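Novice: Use the sequences and the hints to build the structure in full.
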Amino acid sequence: MNALLSLVAVIALVLIAFIGIKIANLHFLFGVVIPYAAIATFLIGVIYRAVKWGRTPVPFRIPTTCGQQKSLPWIKQAKLDNPSSTSGVIGRMLLEVFLFRSLFSNTKFELKEGPKIAYGSTKWLWLGGLAFHWSFFVVLVRHIRLFTEPVPSFLHSIEVLDGFLQVGVPGVLISGVVLLLAVTYLFLRRVFIPEVRYISLAADYFPLFLIMSVALSGILMRYFLRVDLVSIKELTIGLASFSVAVSLEKISVIFYIHLFLVSTLFAYIPFSKIMHLGGVFLSPTRNLANNSRMERHINPWNYPVKVHTYEEYEDDFREKMKDAGIPVEKE
Amino acid sequence: MAEEVKIPPKVPKGVPFPDELAKIDYTPPGTVWMNTPVKFKQGFWCYGSKAKNLETVDFPNPRQWLPADEDWKLPENWQEIVLKGFKERLDKYRSFKVFMDICVRCGACADKCHFFIGSGDPKNMPVVRAELLRSVYRGNFTKAGKILGKLAGARELTYSVLKEWWYYFFQCTECRRCSVFCPYGIDTAEITMMARELLNLLGLNTDWISGPAANCYMKGNHLGLEPHAITGNIEYMLDDIESITGIRIKPTFNRKGAEILFVTPSGDLFADPGTFTAMGYLILFHELGLDYTWSTYASEGGNFGFFTSMELAKRLNSKIYAEAKRLGVKWILGGECGHMWRVINQYMDTWNGPADFLQAPKSPITGTVFENARATKMVHIAEFTADLIKHGKLKLDPRRNDYLKVTFHDSCNTSRGMGILEEPRYIIKNVCSHFYEMDENTIREKTFCCGSGSGLNASENMELRMRGGLPRANAVKDVVEKYGVNMLANICAIDRAALPPLMDYWVPGVGVTGVHELVANALVMKGEKERTTNLRGQPLPGVVETGEDRRKREDRRKGRLEAKKEEG
Chain S
1 MNALLSLVAV
11 IALVLIAFIG
21 IKIANLHFLF
31 GVVIPYAAIA
41 TFLIGVIYRA
51 VKWGRTPVPF
61 RIPTTCGQQK
71 SLPWIKQAKL
81 DNPSSTSGVI
91 GRMLLEVFLF
101 RSLFSNTKFE
111 LKEGPKIAYG
121 STKWLWLGGL
131 AFHWSFFVVL
141 VRHIRLFTEP
151 VPSFLHSIEV
161 LDGFLQVGVP
171 GVLISGVVLL
181 LAVTYLFLRR
191 VFIPEVRYIS
201 LAADYFPLFL
211 IMSVALSGIL
221 MRYFLRVDLV
231 SIKELTIGLA
241 SFSVAVSLEK
251 ISVIFYIHLF
261 LVSTLFAYIP
271 FSKIMHLGGV
281 FLSPTRNLAN
291 NSRMERHINP
301 WNYPVKVHTY
311 EEYEDDFREK
321 MKDAGIPVEK
331 E
Chain D
332 MAEEVKIPPK
342 VPKGVPFPDE
352 LAKIDYTPPG
362 TVWMNTPVKF
372 KQGFWCYGSK
382 AKNLETVDFP
392 NPRQWLPADE
402 DWKLPENWQE
412 IVLKGFKERL
422 DKYRSFKVFM
432 DICVRCGACA
442 DKCHFFIGSG
452 DPKNMPVVRA
462 ELLRSVYRGN
472 FTKAGKILGK
482 LAGARELTYS
492 VLKEWWYYFF
502 QCTECRRCSV
512 FCPYGIDTAE
522 ITMMARELLN
532 LLGLNTDWIS
542 GPAANCYMKG
552 NHLGLEPHAI
562 TGNIEYMLDD
572 IESITGIRIK
582 PTFNRKGAEI
592 LFVTPSGDLF
602 ADPGTFTAMG
612 YLILFHELGL
622 DYTWSTYASE
632 GGNFGFFTSM
642 ELAKRLNSKI
652 YAEAKRLGVK
662 WILGGECGHM
672 WRVINQYMDT
682 WNGPADFLQA
692 PKSPITGTVF
702 ENARATKMVH
712 IAEFTADLIK
722 HGKLKLDPRR
732 NDYLKVTFHD
742 SCNTSRGMGI
752 LEEPRYIIKN
762 VCSHFYEMDE
772 NTIREKTFCC
782 GSGSGLNASE
792 NMELRMRGGL
802 PRANAVKDVV
812 EKYGVNMLAN
822 ICAIDRAALP
832 PLMDYWVPGV
842 GVTGVHELVA
852 NALVMKGEKE
862 RTTNLRGQPL
872 PGVVETGEDR
882 RKREDRRKGR
892 LEAKKEEG
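Chains as they are written, first to last, in my numbering: chain S, 1 to 331; chain D, 332 to 899.
Because the hints were derived from the structure by calculation, they are not lab data. A quick note: this is a predicted structure, and the numbers were derived from the prediction, not measured. Built from N, CA and C at the ideal position, the CB exists for glycine as well. Keep in mind that a hint or two might mislead.
Taking lysine to any residue pairs in the SDA-like style, the calculated list, with each CA pair at most 20 Å apart, reads [said to hold, decoys possible]:
#	chain 1	residue 1	chain 2	residue 2
1	D	K372	D	T358
2	S	K306	D	L421
3	D	K423	S	N299
4	D	K474	S	K112
5	D	K693	S	R296
6	D	K423	S	R296
7	D	K354	S	G114
8	S	K52	D	L421
9	D	K481	S	A3
10	D	K736	D	Y757
11	D	K581	S	D323
12	S	K112	D	T358
13	S	K52	D	E419
14	S	K273	D	T473
Covered stretches of chain D, going by a simulated chain S footprint (3 or more residues, C-beta under 8 Å) [said to hold, decoys possible]:
#	region
15	681-692
16	731-739
Here are some, though not all, of the chain D residues that point toward chain S, as calculated from beta-carbon distances under 8 Å [as the list claims (entries may be wrong)]:
#	residue
17	A441
18	D442
19	R507
20	N676
21	Q677
Specialist: If you want it as structure tokens, here you go:
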């Protein structure tokens with residue numbers, strides 16, 4: 001049901017763009033106004049969310065320690081999994097952000113007769129997630145060519161790498177294909193793994209369908225439907241330099257659909273779980289050193305609390321203490 | 332080879348037999364979780380907190396209530412109270428705010444929870460446990476949730492949702508295993524702690540938690556041992572030690588000017604096998620000639636406040652530094668305990684420090700300065716003892732433990748909230764000849780909870796405990812079958828209370844021990860008589876116990892039990 005609703009929503013988005021261009025002729029709205037509005041929403045929204053997180057205090061030092069602590073000099077510390085220094089934390093975060101280290105250690109279990117529980121490593125989610133994020137990233141970076149003139153040289157090398165298969169005309173770029181495959185995998189596992197289906201909300205399916213449709217429309221545009229690349233680049237350069245001077249009618253509808261889907265995605269990010277891309281950097285169980293026995297950590301809102309003092313305790317038990325031979329303050 | 336004798340499982344009242352319990356269906360139900368109201372199952376929940384225990388610590392809404400009742404006797408404006416508390420905590424804890432926002436429901440955590448593995452209840456998947464709270468968060472504090480409602484995974488805070496919270500947030504042991512696997516480190520322990528704080532705003536605790544917390548507040552320890560009971564219990568141990576070793580130990584209590592204050596969970600002073608661990612401490616410190624004192628005021632290392640609210644945890648924890656200051660000690664040594672060490676490692680100094688009236692801990696025996704504890708000034712006894720052994724300061728005869736085949740259970744908090752993994756293993760390997768590790772997916776940072784942590788070690792929720800302990804017990808069973816393991820060592824007082832019934836149920840025949848019981852059994856003391864029994868009074872292999880010895884041992888045990896009954 002959640003999946004279906006999300007699919008319908010994404011189809012509706014495609015139709016809106018189609019009708020908006022083909023029937024209502026709202027080229028300026030879809031080519032200029034909506035992209036600007038989306039980028040503005042994205043920037044303001046993401047900054048707002050990040051600032052809100054950043055301003056929330058971290059009262060306690062609560063890293064999840066995943067290895068040996070730093071203790072006696074002859075005991076080998078797990079410097080990445082249980083960091084006690086900033087460099088260790090940075091290493092841990094880099095591995096987490098770029099290589100999804102925690103997911104790499106994922107396991108699955110099986111309850112057999114006996115009972116006997118067996119654990120095995122499972123890397124599919126890690127692999128799918130890594131493929132998805134990295135290909136998405138490469139696709140994004142590739143799009144820089146639309147906003148720059150001349151195109152920076154590093155993009156050429158990325159494209160050469162990306163097109164290493166050297167098949168098809170225009171040459172197949174592996175990143176787009178991987179993105180589509182990976183996002184499809186992430187969708188299928190949501191549908192076919194019972195536990196994951198059980199926990200999935202519409203807010204989980206929607207971004208998957210949205211990204212799927214972005215990738216599909218992009219691939220259609222590149223390989224199957226002829227689009228006027230020169231006009232598109234004129235538009236994108238114009239958008240980047242705040243001076244759009246191209247005749248928007250020359251660009252075919254598939255481009256507008258693609259652009260509208262991308263705009264929706266960007267505008268949606270601040271309100272969605274996709275914010276995890278910023279949140280992961282601020283997660284106190286990962287970005288703090290386990291050093292609170294070595295160095296004092298301050299809680300900015302620490303406040304005095306009511307305690308039961310020793311004096312009160314001794315008043316309660318003085319005679320019993322004396323009888324038991326325990327020294328007291330007041331005889 | 333002798334025929335193996337199969338010991339029948341000890342099945343707690345009301346709990347199905349192990350074979351029956353192990354038939355677990357993991358297929359999630361067809362209904363959407365949000366639309367499936369909670370159903371309280373007998374054996375899965377604990378009794379509600381008694382009014383007097385809430386009053387002792389000035390907690391709101393003290394009253395007589397039963398969780399099974401329809402009416403929980405809540406204040407009129409309970410929703411307002413909870414939502415206000417929710418907002419306040421979102422503004423105070425970045426962890427809470429971020430963890431409410433960034434979960435992508437990838438499901439990596441789903442099968443990492445011992446309660447899910449043991450029960451198959453989909454709401455025991457860490458992600459759903461958190462969503463119980465997140466759904467209300469979205470409905471009340473996010474734009475998308477307010478506009479889109481259920482579509483955005485949002486829902487209202489209803490009576491039924493509140494009951495669901497209570498049921499499931501007291502089915503989480505705050506073990507943090509899920510947070511190891513989460514790509515963003517989302518920690519369900521953190522979420523459960525917040526949820527329990529919110530529930531406590533309405534007087535909704537379990538009595539197994541609020542009772543010990545109130546005891547600890549007034550009497551200094553969870554068990555409510557008054558000063559003379561503490562010295563009395565230790566006196567019994569000293570009698571036992573004397574009859575076993577021929578040496579009379581004379582520890583001190585509340586002594587000013589001692590070099591070290593020793594704090595350990597009170598469970599070790601009360602019940603077997605924890606008492607044998609406490610005897611281990613006494614023997615070790617005596618042998619070292621350590622200048623230390625026990626305290627009856629700060630007589631609790633553990634902290635059931637931690638399972639209630641941060642504030643109560645801080646109030647209970649304050650006694651340790653206050654007592655160290657009053658007695659004028661130089662530093663503090665802490666016994667074997669799980670959540671006690673998460674509190675000391677990650678909270679104590681922040682709450683109640685700086686401990687600038689103490690000195691950086693230095694072992695008077697080896698001269699080692701414990702650099703890793705230079706701010707809190709509190710050393711874990713496993714660090715202390717490992718250092719002693721490394722420097723050859725202990726005369727050990729591991730052969731005395733040769734009848735034991737030992738495996739080690741990492742406690743949740745000491746592994747995932749501290750990382751003390753090698754120290755206890757180093758000690759065990761030096762005091763025992765036969766040590767075997769369990770499956771690597773069930774130890775160290777991936778260790779499984781005993782199923783009874785975070786205040787769930789009551790007797791009315793035995794089925795939950797046996798289920799939650801299944802992954803741990805099953806990994807023990809594996810090394811029993813492979814290597815003949817017969818002893819499960821640990822460094823946690825709740826483990827020592829919770830694992831024996833768990834073993835009796837799933838893996839009968841396996842004993843449970845603290846690490847320092849093993850140390851003291853192997854420790855050759857100056858001037859000791861030849862040992863014929865271990866600290867439990869059981870004859871060592873090759874020694875035939877005379878009828879008189881056995882009678883004496885049983886009498887001592889009986890005396891101790893009766894004394895306890897009187898106290899209690």
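Novice: Decide, hint by hint, whether the structure agrees.
Specialist: Hint check:
Only pairs whose Cα atoms come within 20 Å are accepted, and D:K372 paired with D:T358 is accepted, the gap being roughly 19 Å. About 24 Å separates the Cα atoms of S:K306 and D:L421, which puts this hinted pair outside 20 Å; it is violated. Between D:K423 and S:N299 the alpha-carbon distance is near 10 Å, which keeps this suggested pair within the 20 Å criterion. Of the supplied pair hints, the one linking D:K474 and S:K112 is violated, its CA atoms being roughly 45 Å apart against a limit of 20 Å.
Of the pairs offered as hints, the one joining D:K693 and S:R296 holds, with about 19 Å between alpha carbons and a cut-off of 20 Å not exceeded. Distance check on the hinted pair: D:K423 and S:R296 sit about 19 Å apart at the alpha-carbon level, within 20 Å; holds. Pair hint D:K354 plus S:G114 holds up; C-alpha atoms about 10 Å apart against a cutoff of 20 Å. Pair hint S:K52 plus D:L421 holds up; C-alpha atoms about 10 Å apart against a cutoff of 20 Å.
For the given pair, D:K481 sits about 14 Å from S:A3 by alpha-carbon distance, which is consistent with the 20 Å threshold. Restraint check: the Cα-Cα separation between D:K736 and D:Y757 comes to about 15 Å, which is no more than 20 Å; the hinted pair holds. Restraint check: the Cα-Cα separation between D:K581 and S:D323 comes to about 17 Å, which is no more than 20 Å; the hinted pair holds. Only pairs whose Cα atoms come within 20 Å are accepted, and S:K112 paired with D:T358 is accepted, the gap being roughly 15 Å.
Proposed proximity of S:K52 and D:E419 is supported: the alpha carbons are some 14 Å apart, at most 20 Å. Between S:K273 and D:T473 the CA atoms are separated by roughly 12 Å; this keeps the pair inside 20 Å, and the hint holds. Counting residues of the region 681-692 of chain D whose beta-carbon sits less than 8 Å from any beta-carbon of chain S gives 4, enough to reach three: the coverage restraint holds. A count of 0 residues in the region 731-739 of chain D with a Cβ less than 8 Å from any Cβ of chain S is obtained; the coverage claim is therefore unmet, three being the minimum.
Of the supplied interface hints, the one on D:A441 holds, with its beta-carbon coming within about 5 Å of a beta-carbon of chain S, less than 8 Å. Hint status for D:D442 relative to chain S: holds, with the closest Cβ pair at about 6 Å, below 8 Å. Because the closest C-beta pair between D:R507 and chain S is about 6 Å apart, less than 8 Å, the hint holds. For the restraint placing D:N676 at the interface with chain S, the shortest Cβ-Cβ distance is roughly 6 Å, inside the 8 Å limit, so the hint holds.
Below 8 Å, beta-carbon pairs count as interface contacts, and D:Q677 has one with chain S at about 5 Å; its hint therefore holds.
Figure legend: structure checked against the earlier numbered hints; hints not met, in rising order: 2, 4, 16.
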